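Read off the chains here:
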Amino acid sequence: MRLVPLRYTTRSLVVRWSPSLFSALGIGLTVAVLGGVLALREGFSALLADTGTDDVAVYLRPGAQSEGESLVRYPVDTNILKTRPEVALDANGTPLAAAESYLGLKLERTNGTGTTIVTVRGVEIPTSMAIQGARWRVVEGRGPLPGTNEVVVGRPLTSRIKDTSIGSTLTFNVTPFQVVGIFENDGAYASEIWGDVDRICAALERPFRQRLVAKLKPGTDVAAIAAELESDKRVPVKVQTEKAYFAAQTTALGGVLAFLAGILTSLMGAAAVLGAVNTMLAAVGARTREVGILMTVGYRRFPVFFCFLVEAAIIGLAGGVLGALLVLPFNGLQTSTTNWNTFTEIAFAFRVTPKIVLTSISVALVLGILGGTVPAWRASRLVPTAALRRL
Amino acid sequence: MSLLKLVHRNLWRHPVRTSLTFAFSALALFLFVFLTSVVTTLAAATKASATNRIAVQSAASLYVYMPESYRAKIEQVPGVESTCPWVWFGGYYQDPSNFFAQFAVDLATHLDQYPEAEVDPAQRAELLADRQGCLVGDELADKFGWKVGDKIPILSNIYTVEGGKAWEFTLRATYHSRKPNIDNKTMFFHWDYLKEMRKALRAQGFEASGQDVGVWMTKVKDGFDPDAVIAAIDALFEAGPQRTRTQTEAAFQAQFASMLGNVPTFLGWIGGAVLFAIFFSVMNTAGMAGRERSRDAGILKALGFKDRLAGGMLLLESMAVVGVGGVTGAVSAWLAAPAFRDQFAQFLPNYFVGTPTLLLGIAIALFIGFAGGLYPAARLTRLRTVTVLRQEA
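So the protein sequences, as listed, match chains A and B.
Letter by letter, the first sequence follows residues 0 to 390 of numbering that gives the first Met the number 0.
Letter by letter, the second sequence follows residues 0 to 392 of numbering that gives the first Met the number 0.
Please keep in mind that the hints were generated in silico from the structure rather than gathered at the bench.
Treat the hints loosely; a few may be bogus.
[To be verified] Computed Cβ-Cβ distance ranges for the label pairs, DEER-style: (1) W268(B) x T93(A): 51 to 61 Å; (2) A227(B) x S164(A): 27 to 37 Å; (3) S265(A) x G267(B): 18 to 28 Å; (4) L2(A) x T354(B): 54 to 64 Å; (5) D191(B) x G92(A): 48 to 58 Å; (6) T112(A) x T354(B): 24 to 34 Å.
[Claimed, not checked] Simulated coverage check for chain A against chain B, where a stretch passes if three residues somewhere in it have a Cβ under 8 Å from a Cβ of chain B: (7) 21-29; (8) 62-69; (9) 101-114; (10) 168-179; (11) 195-206; (12) 269-276.
Here the structure is a predicted model, which is why all the values come from computation and not from measurement.
Each residue gets a CB set at the ideal place from its N, CA and C atoms; glycine is no exception.
Using the sequences and the accompanying hints, generate a full structural model.
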């Protein structure tokens, strides 16, 4: 069985360039929207889900969904928790555990659009930094000294928040704090301000802490400890690995993005299939005589069906490439949104990964083929004599 | 045969194509109306805010509370009619996924400050008389099937009871708000009851004293300038213990909408992309119909009808299909609003499709039908009769 030459298909696409282009554009816009929403979600989950490690544990108040609503009594509970057997010790035998405070403070944006909420973390210097290890590093200026009103600012904040350059002063309630350095973090702490926990809690009149964070001894079974401490009589706490804690935070926005992505892409996808079916049907309709001629010169039903299907697939593929090209410029675009668990602002970037590009193009291809199946089948069912007689 | 009948006949010349275009337009307009409504809902709470209400918050943070003693001080500021404490309770009913907002407020003052939230007078009296009584929005009561008199257990992540027990409230009244600045999915209960809960927690060392109230919702007397009252209140607490930042109710609402960051902008882009996609498709379809219609147009012209007639009919056809499809889509989006409102409970408890959005959607559908058909129609008008009739015969 001889197939219709591919050249017939490609030349027909070129000759009928305007309907072909419009169909490709329709499919392209659809997958561009799909790709854009996926890139947004990818960027967001990369921010939180891939961060944190399994060898650091976070202790929160039972029931707390985030640090924002957690509360650990200080120093009663924090002292007990620091001596837990699973906590690793440093070279001097001191536990690698820190009681930290967490508060979303209203700070002014640099662009004059009012205030936004930024995380200010009170940390134990140098234990908190030691727990984070190489993932947290001061890149400009120096780190804050213990017992002073000094803070370091995460790099992404410096361009967005007023008074965050080295040497400037930030006022927390009525107490001034000096910015002495800029830090970088590969994960969720990147957009925070860090300073001495005692000084920050004094300035904000908060006599307790939000979490205890500790480096775990190798081979610790976190699930077993969690079960044990959940019902502890003295200090009931909720224990998670740092990784599990951040993964749980993504669900707050991830849920809405997933819902939006789902409804947007299913509806737009359906619309694109309709559009593609429409175009291909018209293409078949306009070429009824051509199909008649193809059949008269000896092509069977399957080659005719296949030829029109290939045409639709090429349109889909072109649309996919077009859509991917539309989405690519968004890669790396910075945006910010709110962690609804803590009401703090988090900055993240669109991430157009190779996987997203491939997904977009494959979806476009599938849309094209879906749209082409019915018309191609219809073309293959034509009766040659009747087709030739028709206009 | 009237010309309209000819348009109608032409429409059904390709029933599949017409149905597809119809369905396509309906889907696109459904999406457009949905996306636009998300954006307008975000702005609606701000727009509906009263100009005589101002909100006093800590200048430092949403999580830093102000002492109860601020109440008397705020009430002494000239121009203040009343002030009402609001405290976020952070609880849930049965399961954390059943999210809705609960606030402890001074209910008598609260109801006076918000006349737009309507409450039955008999229920109001019972609510004020019961210390554990609560007031819930009618939509919330419907969602969980609560009736007046029901006991409602609420677990709080912030005010935890030893052993993880729930706080018990008795539903005494429901409200229905006529404006989007208060949604119908919130629960309000007595601030005095919260104070009682806090006593035990504070005795155990949870919660600091002086951290009492999140927001003082303050009503300004008629004839006073809210901005002057705002300045006077903030000046009063300039030296602490907690500095305040007072805003109009509109600005207060806007700070929550602004937390979505650029999301509304992205939704706008997506909405635009949807419209572009449908425009291309309509133009495509009309173009195909136009090419097929060349001979018809020639015949009409040969019969002595005006040049513009065939093109005009094509335009009408395009507007009719896209218009009817668009109306269907827009109205479906409007009908689907309550279902979406449930999906969005945490983020947009107020989600609604406004009449202006609905009309805009319909107008855009008609415009796209018109604009998409314009070029093919013009081509049909310009065709030379003789050439067309000679072709393909």
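Failing hints, ascending? none
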